[in-house]
Amino acid sequence: MADELTPDELLDKIDYGTDSGNWLDTTKSVQIRPGMYCYAAKPESVETLGLPNARSWNPTEEDWKLPDNWQQIIHDGIKERLEKFRTFKIFMDVCVRCGACADKCHFFLGTGDPKNMPVLRAELLRSIYRNDFTTAGKILQKIPGGQRLGGNRPLTLDVLKEMWYYFFQCTECRRCSVFCPYGIDTAEITIMARELFNLLGLNIDWIATPVSNCYTTGNHLGIQPHAFKDMLEFFVEDIEDITGVDCTPQFQKKGADILFITPSGDVFADPGTYTCQGYLILFQYLKEKYGLDVTWSTYASEGGNFGFFTSHETMKRLNAKMYYEAKRLGVKWILGGECGHMWRVIHQYMDTMNGPADFLEVPVNPITGTKFHNAASTKMVHITEFTADLIKHGKLELDKSRNANRIMTFHDSCNPSRGMGLLDEPRYVIQNVCDHFYEMPPNTIRENTFCCGSGAGLNAGENMELRMAGALPRATALKYVHEKYGVNTLGTICAIDRAALSTLCEYWVPEVEVAGVHELVGNALILPGEKERTEDLRMEPLPGCEEEE
Amino acid sequence: MTQKYLIPLTAVFLLFLVAYAGAGAGLGWFFGIVFPYLAVIAFLVGFVIKVMGWARSAVPFRIPTTCGQQKSLPWIKQNRIDNPDTASGVFIRMLLEIFLFRSLFRNTKAAFNRNASNRITYSWEIFLWLAALAFHYAFLVVLLRHFRFFTAPVPSWVQFLEALDGIVQLGLPGLFLSGVVLPAAVLFLLARRLFDQKVRYISQGSDFFPLFLILGIAVTGIFMRYFTKVDILAIKEMTMGLVTLSPTIPDGVANLFYAHLFLVSILFAYFPASKLMHLGGVFLSPTRNMANNTRAKRHVNPWNYDVPIHTYEQYEDHFRDKMIEAGLPVEKKE
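Chains as they are written, first to last, in the UniProt record's numbering: chain A, 1 to 549; chain B, 1 to 334.
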């Protein structure tokens, strides 16, 4: 990151005192700045899904190559969404601008940019809504200076560019929503705004290309089926080197008990790959000990759903594969890996969009007999729920000492914590496989957790300044426990986190590593017939096995 | 920036003058009868239209913001209020939200210190919550106390409320607590908008206007009660005329009262077209008023429609050779 700002330079820029200008003026904000925005979507990726206005364009250029009637398209798009989503309509109307959300956003805290206050991000869109859809706005338009009083403004190209810039500086983490007295959820407003942008073909490439890849090949990097299998087999070799046990998984096995779906980030990128090895070890253990039959699928090989950052429709198109494949394979239920927004989609959207899943059974853990009543309709269980249940019933033989060198803390991922409430399950698993666990300060965990700064499709390379600024609140909390307790490992249950937090740590707290929860499980689990382990899944010496200097 | 608050302030002052002077010029029937009726109609019709408009929009997905542990395994303690999975849990969550402003209670204030540790610190920020609660409850008490002008005989609960509100016995007529708390809270909220840099930046004219308006109403009311001592009997005759739909304009109603009533009418008429509708919206917010049981119970989207998907068959057709070569199972081997 040589060409980017150093941490000190970035910190020097932070000032929560906002400028005194009127935010309705766009002149300053539409100067779209390198490091703070993501590249435009490539036309071929937009075309794959048949989405509108595929063309090559560049956000920093004057001409965005919009269709002539773009204002009408946005106007009609807003109108349609006001009727389809009560959230949108209410959130446009009821904000009192009390400011409770203002300093809750990680992007505001990291940049000090006043337009990153959640209320103002929403106001960008509300100003258009008020102008075009409210009686007060229509009256105020006619009075000189009236628009300034009501905070409404017509949709000009500059306003559109400003909205685009700032709605792609929101990771849909929902932290602001926790503090809003009316539950106004900026993520929901960002989702609507991004749907509107997609009507004009204004997506970013780090969303559009993964979506296109997920659609055709099943995973966001576009890895083809044989290569996907190769990747897992590569892990199998590594695991065999470490443990002496063969953990070869099954693919597309009809009649298996469980279909397992995880974000493909776990298969392709460190340190997610170690988490993936953890899954393989767990499934091998359960197969050997209890005969549990788990299958993977190369077709439904992506849990992450970048469609969620595009439109509700695209989300549904990608998500449909999970049930489609579960039905084809005739499994009993589905198990989901560690992922943030994947679980928001599964928990809050999947059953409604693509259910009912009446071809599946209400999930029962065949080993413990536990019935997952909380997943009675979707038939999909989170792997930390599953593993916590196994541990509670004493079904796993664990050697905690293999993780004794890991002084842990846990990062709650935004979506499972604020969209689901999955808080204690991963902590329970960590505490059963690790000796040392310390929480970060209470204002930065559980429902108050801070985003990694790279969610909702902003995990690109070109917007590194934005990402590192957004990561600051998480980083300072982490640095605090690192200095106070010697924390050296940040546990998490999200694939984007595993990628993004690693970059965050490298930048802000270089002494801390990132690990998925099931990487730690994989280390601790004593596989039947395993040799004496001397290395962990990263092929680093286990505690007590270090070579003498 | 200054125009954001100077124009609303001037507007409220002008509205006051218009009514005060207008009543003096013999237009009492307009400010005392016509406009109050119009305002009440505008309020009721506007309120209903707005709420019906919200209610007409679909709630396609169940997307509560959860603020605590979910209901999952039997031995993990669920946070039943902040992460409710039943209607009764939601009910309690909403009660706490509506009556105690629970989310606002959580409010924190962030600060950043550029020094060796570069920490962002968070401190509990209770004053907005306190002022908001004080403002809303004082307003409610004032509103309910005014029922004495619209009822004969005055119900005992109104008398009781008055006694409670006047429990600190000071001066003559006795001091109402609400008469102190309401303007104080409004002034605090106003001061926040003016002096907190962040809040000033996000504030609109439409945020200042209701504050000045309510302040104007409070000040005129307090003036009438404690200083100019208006003819209460005449006012009651007039207000009773209004509620019994036989309006009259008795002699001796002070011009100040017409101004007070006019500002109240403006507030009523303005209400449905403004952010004040958060009164209705808070009940309908889908992130708060739904149970977090989406995986346990199916929720139906009224406009769910079929979408094109990339089927397994298409996938296999595309990759069949490679899949066969890699030893992956396929449906059709050719």
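Read the hints as simulated data drawn from the structure, not as lab findings. Even glycine gets a Cβ: it sits at the ideal position worked out from N, Cα and C. Check the hints yourself; a few may be wrong.
As the list claims (entries may be wrong) - The list that follows gives simulated cross-link-like pairs (lysine-lysine, BS3-like), each with its CA atoms no further than 30 Å apart: (1) B:Lys198 x A:Lys138; (2) B:Lys322 x B:Lys332; (3) B:Lys198 x A:Lys13; (4) A:Lys392 x B:Lys297; (5) A:Lys42 x B:Lys297; (6) A:Lys254 x B:Lys297.
As the list claims (entries may be wrong) - Incomplete in silico selection of chain B near chain A, CB under 8 Å: (7) Gln70; (8) Asn113; (9) Ala116; (10) His146; (11) Phe147; (12) Phe150; (13) Thr151; (14) Gly205; (15) Asp207; (16) Thr228.
Each hint tested on the structure:
| no. | hint | in the structure |
| --- | --- | --- |
| 1 | B:Lys198 x A:Lys138 | holds, 28 Å |
| 2 | B:Lys322 x B:Lys332 | holds, 13 Å |
| 3 | B:Lys198 x A:Lys13 | holds, 17 Å |
| 4 | A:Lys392 x B:Lys297 | holds, 26 Å |
| 5 | A:Lys42 x B:Lys297 | violated, 39 Å |
| 6 | A:Lys254 x B:Lys297 | holds, 27 Å |
| 7 | Gln70 | holds, 3 Å |
| 8 | Asn113 | violated, 10 Å |
| 9 | Ala116 | violated, 11 Å |
| 10 | His146 | violated, 24 Å |
| 11 | Phe147 | violated, 27 Å |
| 12 | Phe150 | violated, 28 Å |
| 13 | Thr151 | violated, 32 Å |
| 14 | Gly205 | holds, 3 Å |
| 15 | Asp207 | holds, 5 Å |
| 16 | Thr228 | violated, 32 Å |
The structure is inconsistent with the numbered hints 5, 8, 9, 10, 11, 12, 13, 16, although it conforms to all the rest.
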